[in-house]
Amino acid sequence: MLAILQQSQGTLNTALEQVSTGLSVNQPSDNPTAAASMVENTIETGDVDEYTQNVSTSLATVKQASSVLTSLVSSLTSAQDAGIEGANGTSSAATMKIIANQVQGILDAVISDANSTVGGAYLFGGTSTATPYTADATSPTGYTYNGNNQTSTVAVGDQTSVAVNLPGSQVFSNSSDNVIASLSSLVTALNSGDSSAVQTAVTAVGTAISFVGQQQVFYSNAESQLSSQETFLQQDTVTLTTQESNLIGVNESTAATDLSQAETDNNAALAAVAKVLPNSLLNYLSTPS
Amino acid sequence: MGGLNTALLIGVSGLDVAQGALDATSNNIANVNTPGYTREEAQVSELAENDSNGQVTGGGVSLDGLQSIRDELLNMQINQQTSLQNAADSESSSLQQIQSYFSSTGADLASAFSAFSSSLVELSGNATSASAQAGVLAAGQSLASAFNSTANGLTGVQTQADQQIPDTISQINTLSSQIAQLNGQLAQVPASENGGTTQDQLDQDVQQLAGLTNIQVTQTNHGETITTGSGTPLVIGDKSYSLSSSTGPGGLQQVEDANGNNITSSISGGTLGGSLNIANQVIPGFLTQLNSLASQFATAFNSAQAAGTDSTGNAGAAFFTGTSNLSDAAANISVGLTSPSQLAVNSSLSSTGNNIANLSAALTTALPSGQTAAGAYASIVFNVGTAASNANTQSSAIGDNLTQLNTLQGSVSAVSIDEETANLMRYQTAYEAASRIVSTVQVLDNAALNMGSSTSF
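Just so you know, the sequences run in chain order L and U.
For any residue, its number in the working numbering is found by taking its place in the first sequence, counting from 1, and adding 22.
For any residue, its number in the working numbering is found by taking its place in the second sequence, counting from 1, and adding 29.
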């Protein structure tokens, strides 16, 4: 009888544990296979959370960089317009100097764009933490690149990483399509009042505009890659959560039913034992007279 | 020729027998809750007939003794199952403790691996961030201490099991000498009593002994001979032989017989068998798996670290240390770096970006064992869970079996109040009837003595 009570109490405890923790596997022995699978699930879930975090940070970086490039194109276009105005042959040297100042202002704005940061990190410094462009009188363009040539790649999935930036040496001071050099030579040409040199410089700025346009493709590709990865990670999170609940979760209604069943069984067992225990033949005999 | 005296003697023999049967019943009722008590029955036989000059009369009844009702075969089965049950119980309770170190508590190795992996992913999003680097170092320290506490937890359970072994052996020795003593006393008990209460005590001791280790019981002329599973004698007649324990090679406990021979491998059942299995087989097995995981993972991560350079441009120093000795790698693993800036985030080949993918790869690529770190740890969790679940299942299966055997034994040997109450009434009636014979004979005697006397009527 005690064995029956113990068994029924054990079932009740298990049901209670499942309802109170919401888990069907509270220790490895409850289901060794599920417990082992949960090890991978736990690690994967943690990683996916971080990947999602990385994706949203990278998206911000890429969008920021993309908008910087858009503003760079418009800066370059206004420099080009100004250059064309200066090269039309009717401008006086004084007018050309005024235009040169104007283009110098655009160049300053471009340098400030090139030094823009997101979350404290430089967008166009490669993987370096140094300010990408600083003024340098010894440089032909007047500026030196202090960053490195590396591209930052961010892990956004197991085996998946996305390059999220282009170094300044690629975008702004590329040896073949040097944006900064094109602007600075335009300034020099305008200052010197040499309209044919201005003409050449304006052409170079035009080439720079189309080059920057090509660089924008990199960022829009990265953006779409990150967006699709974001969707994938959301699905992955759902899959992992579903897997977790399949492995170790309890169906609440089943657990609640089990608990009430176990309670009823336990009560019945207790009542039965209480009824059986005190009865013996002695109960039905009259006391000897 | 039979006379009134014969009738009187027959009546008195009936009184004696009823008296003896009442003694048995009252002893049974008194011992209804005594552990190991075997119910007694009065053994009654009729006395030889009187043949007097061709006239045959019954000779009355005699009480041969009070016999204990027991089933030796059943006792043997119970002993055997008790051995198995205690071994499974002792293993199950140790494994219950062990598996608590592998349950998902937030401080377990799975959570630590997860946090470490996440910290590396976070670092890959921002390789130069000092806080992300510090996060990796902190997560590495948590991982090392999760290894330490899991290994120490296992060793702790092993030490507990080790400590139980000498205690169990001293209990075995005490019981052996008690049984030897009872064997000596049993020789004095008349065979008709089937051992009586001495046998009850002996059975009780033997069952306790069976709970401690696997034994074989042989009935001989000199009482019960008891040996361990391999035939090492514990009790022969009224002599007992002590076991002893010592620490053998590799710090493992071993059991020796009275002559100093190592009999560890032959002990499988009972608390002793359970403790030996846990301390010498189960825990060393888990520790080996854990140590090889700690050592292989540390080696893989350290070589990824060595492939890069740290924030100050130096070659990556070993991230994990303390794993050079495989036998205590998990207990000794610690983080060797003192500053987050020592993390080899940069690739030593300047054109290939950073080194973080290499560091993460230590977690995601297969170790020399053929499994990833997570996979290897999952295998350990699976093994621990399976062992614990098997021990539980075995314990409850044997428990059911034992309950059944005990019920069977109860129906043979235990005292039933109902039966004893019925017997009480039966023997009461028999006693009353026998005493009626005596009083009737007395009346008849008086009548015979007063024959011819006018005053008597």
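The hints are simulated quantities; they were obtained by calculation from the structure and are not laboratory data.
One should not assume that every hint holds.
Distance ranges between label pairs, derived from CB positions [unchecked claim]:
#, chain 1, residue 1, chain 2, residue 2, range
1, L, T263, U, T367, 36 to 46 Å
2, L, S42, U, T184, 42 to 52 Å
3, L, T263, U, T134, 13 to 23 Å
4, U, A167, L, L292, 44 to 54 Å
5, L, T259, U, T134, 16 to 26 Å
6, U, T367, L, S42, 36 to 46 Å
7, U, M105, L, Y306, 36 to 46 Å
8, L, T264, U, S199, 54 to 64 Å
9, U, G87, L, Y306, 30 to 40 Å
10, L, S246, U, A159, 24 to 34 Å
As the structure is a prediction and not an experimental result, all values here were calculated from the model.
Note that CB positions come from ideal geometry on N, CA and C, so glycine has one too.
Any hints from earlier that this structure breaks? Give me their numbers in increasing order, please.
2
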